[in-house]
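Novice: Guided by the hints, dock chain D onto chain V, whose structure is given.
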Amino acid sequence: MRWLKTVCTIAGLNFRKWKSDCRVWVAFLLVLILIHSTTKQLGDIVAHTGVKASPWIFPFLYMPYYNKLLFFFPLILIFSNAPFVDTNQFYVLYRSGRRKWCVGQALYIIGTSVLYFAFIMLFSVVLNLRNIEFMKEWGKLFTTLAKTNMAQRYGLGFQPELTVLTYFTPASAMWFTFVHSVICGVILGFVIFLFNMKVRGGGTLLASLLLVLSAQAAKWDNLVKFSPVSWSTLNYIHLKPKDGLPAYGYVVAVYAGLVIVLFTLLLLTVRSYNFDREIKNE
Amino acid sequence: MKGVFATSLRRAFASKLFAAAVAVTVAMCYISSRSFLQGSNNSVYIIDIMIHLGLFKKIIVFCAAIPYATVYCQDSNSGYEKSLIVRSSERKYIWTNVVVCALSGFAAVFVGMLAFFGIVSIWMPPAAYEAGGVYDSLAQNHPIEFVIMIVAVFAAYAAMWTVVGLALSSLLPDKYVALGSPVIFGYLLEELTSGLPPYLNLYSLSHSYGVFGNAFGNSLYTIGVFVLMAAAAGCVFSVFVKRRSRNEMA
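Taken in order, these protein sequences are the chains called V and D.
Position one of the first sequence corresponds to residue 1 (this note's numbering), numbered consecutively onward.
Position one of the second sequence corresponds to residue 1 (this note's numbering), numbered consecutively onward.
Just chain D, with the same shape it has in the complex:
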C-alpha cells in the first residue's frame, strides 16, 4: 500500500495541475471578493463573505477536481490501471485513489484560500469579527483560527465532491465527467436537501451554519458528514473499478 500511496501522492501533489488548481483558487478568490475588498479593512470578513457566495462555491468545487479527479480516466484509457492493479491489488489501487483524490482536492482549496487570506492580510490585518451564530466567540477572540476552521470545512466539502467526480468517472471514463460532475451533482444534491433540517441540509453544512451549539462540535460534525459521503462515493468507485478491471463493463 505504501508504495502505491507514495506514488499516487507524488502524482497528485508534485504536478503542474496541483499548482494550477492552487493558482486558479487564489485568482478566483480575488475576482469573487474584489467588490468587498474596497469597503473593508478586515481580511477575516472578506473570507467569511466570500465563502457565502453561491457561484464562488461552484468554481471552487471545480478547482478542487483539477489535480486528481481525472486520474481514473487517464489510467483506464491508457491501460496504466491494469499495470498498477497487477503490481498492488484492486483494493489498494481503489482506496489509494479515493484517499489521494480527497487529499489533493482538500489541499488545493485549503492552500489556495489560505494563501489568498495571507496575501489580503498584508493590507488588511486580521481582526476580531462579528460572525454571529456559533462561530461568534471564536471569530471575536481568535480570528485566524476562525478562518482556518471555516476554510477547512469548505475545503472538506470541495474534497467530498471531488471524490464523487472520481466515482462517476469510473462509471463513464471521461475527464469532462470527472471535472464537471462535482459541480453538477453538488448543486443538484444541495437543491434536493434544501428543505431538510440543518444537520442534513448540504447547503447549511457547506457554509458551516450552526447545527450544534459550539463551533468545534459543529465543524467536526460537518467534516464527519463529508467524510462519510466521500466514503460512500469511494464504495461506488470501488464497485465500478472492480467491474471494469474484470471486464464486466464495456
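Just chain V, same shape as in the assembly:
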C-alpha cells in the first residue's frame, strides 16, 4: 500500500507541475483548435438539413490519417520532456529509488493519456452543443453523412464510417476508440520515455516517425499491421470480410505485448540511466 502511495505521489507531482507548464497549456489549446477546426462545418450542415447531430463525434474525429497525425501531435508535445527529469526530480529519485520513480513516471504517462483523450471526447461535445441533440442512437445526420458525400461538400473535417455505424453501438464505438487511443498514447509515451533515456530527443523523433508511419499506412494497407497508431480508430480494424485489416485479436495482442515489453525495458534501462547528465542539461 505504501509502495502504491509513493508511486502515485511521484505521478501526482508531475501533474501538479502542469499549472505552470506552458507546454501543456499550449498542447491543450492546440487540441481545442483542432477539434473546433474539424467540426465547425457541422453547424452549416445542421442549418441546411434542419436535423441536429448526435453527440457521438469522438469515434470519427481523427479517423482520417491527417487528423490522426494532428491529434496525436500535442500528446507527443506533452511527453517530449520525458524522462521528466528536473532539479526537483533528483530529490524525489533519491528518496524513492529508481524502480518506484520509473513506475511513477509510467503511471503519469498513463494518466496523461487518459486525461488527454477524455478532454478530446468531452470537448468534441462541448464545442458543438448548439448543433447536438442528445440521443442514444447514431442519429439521422451521421447516417446521411456516412452514405453521401455531404461532409466533403461542406468541408467537414471528419466523415462518419458506415461500417462503424453498422457494427457498433454509439457507446461501444466511443469506448473502444477511447481505450485504443489511450493505449496508443501510452505506447507513444513509453517509446519517448525509453528512447529519450538512450539519446536525448531520440524518443520524440521515433514517436513522430510512428505517426508518419500511420499516415503512410493509410495509403498502403499492408503497413496497417505494423502501425499501432492506426488502430486507435475503428476504421483500421477488421470489420468487413476481406478488408485486409488486422483482426481485433491481433490488435489486442500487439497492444498488450508492446505495453509489457516497453514497460519491462523501461525498468531495465532506468537501472543504469545517468540522471546527472539530464540534470546538467536542464
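Among the hints, erroneous ones may be present.
[What the hints assert, rightly or not] Beta-carbon label-pair distances, calculated as ranges:
#1 Val-212/V to Leu-9/D: 27 to 35 Å
#2 Ala-171/V to Arg-243/D: 47 to 55 Å
#3 Thr-193/D to His-238/V: 54 to 62 Å
#4 Gln-74/D to Val-212/V: 23 to 31 Å
#5 Thr-7/D to His-238/V: 51 to 59 Å
#6 Lys-240/V to Ser-35/D: 20 to 28 Å
#7 Arg-95/V to Thr-193/D: 16 to 24 Å
#8 Gly-244/V to Ser-35/D: 16 to 24 Å
[Said to hold, decoys possible] Simulated crosslink set (EDC-like; lysine to aspartate or glutamate; CA at most 16 Å straight-line):
#9 Lys-40/V to Glu-191/D
#10 Lys-40/V to Glu-190/D
#11 Lys-175/D to Asp-21/V
#12 Lys-225/V to Asp-243/V
Derived by calculation from the structure, the hints in this document are not laboratory data.
Keep in mind that this is a model prediction, so the values were computed, not measured.
All C-beta atoms, glycine included, are put in the ideal place defined by N, C-alpha and C.
Specialist: What follows is chain D alone, placed relative to chain V:
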C-alpha cells in the same frame, strides 16, 4: 547593425533547425496533398488545392516558427541577450531579431513549398490551370509565376505569425509559447475576422482571395497587410524586451 544582423542571419539560416523546418514543410506538403496526387497530372493544381486546406495551414505556420521564433527565450534564459544588447543596442537587437525571424519563417515555407513543387513537377509538369477569380489569367498564361505568387503570399502569412510568436515569447519566455502561439493566435484571429470584408478578413487574405481586380495588386496588398501586422508584433516585442532588459519585468 550589420554585425548583429549578419550573426543573426547565420544563426537562423545556417542551423539544423532551418533545414529541419524545410524538410518538415516538404514532408507535410506530401502528406497533405497525397490524396490529390493520384487523380491529377498538373503540379500547379496540387499546390493551389493544398494551400486551401485548413489544417495544412496550421502545420505550416508551426513549421515557419521552428527556425527562429524561440530565439528570444534561448537568449533570455541563457543571459546571452544581455551580452548582445551591451555590444550593440536594445533597438538593434530587437529589430534584427524581428526581421530575421520574419525572413527565416518566410524562407522555410517558401523554400519548402517550392522544393515540393519542384519534386512533384518531375512527374507532373506544370501546365495552364483554371484557378478562377483574379488569378485566372496568370494561372492560365504563366502557371509557374502563379505558383510563386501564391506560395509567396502564403509564406508571408506564416512569417507574420512567426513574428507574433516571437513577440509573445518576450511576454512569456517559453519555447513552447513561441512555437505554439503562432498557430493558436493565427486561428483565433482568423475566426474573429471571418465576418469582416475580404480586405480585412485574414482567412481570405491568407488564401489570396480577390480583394482587388488584378493579381499583382492583390498580392501586394495582402503582403502589405502581413508586413504591417508583423511590424505591430515587432513593436510589442520591442516594448517587452526593453522592459525585461531594464529589469522592469520578472
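Novice: Taking the hints in turn, state whether each one holds.
Specialist: Status of the hints after comparison with the structure:
{"no.": "1", "hint": "Val-212/V to Leu-9/D: 27 to 35 Å", "result": "31 Å, holds"}
{"no.": "2", "hint": "Ala-171/V to Arg-243/D: 47 to 55 Å", "result": "54 Å, holds"}
{"no.": "3", "hint": "Thr-193/D to His-238/V: 54 to 62 Å", "result": "46 Å, violated"}
{"no.": "4", "hint": "Gln-74/D to Val-212/V: 23 to 31 Å", "result": "27 Å, holds"}
{"no.": "5", "hint": "Thr-7/D to His-238/V: 51 to 59 Å", "result": "58 Å, holds"}
{"no.": "6", "hint": "Lys-240/V to Ser-35/D: 20 to 28 Å", "result": "21 Å, holds"}
{"no.": "7", "hint": "Arg-95/V to Thr-193/D: 16 to 24 Å", "result": "53 Å, violated"}
{"no.": "8", "hint": "Gly-244/V to Ser-35/D: 16 to 24 Å", "result": "19 Å, holds"}
{"no.": "9", "hint": "Lys-40/V to Glu-191/D", "result": "11 Å, holds"}
{"no.": "10", "hint": "Lys-40/V to Glu-190/D", "result": "13 Å, holds"}
{"no.": "11", "hint": "Lys-175/D to Asp-21/V", "result": "11 Å, holds"}
{"no.": "12", "hint": "Lys-225/V to Asp-243/V", "result": "12 Å, holds"}
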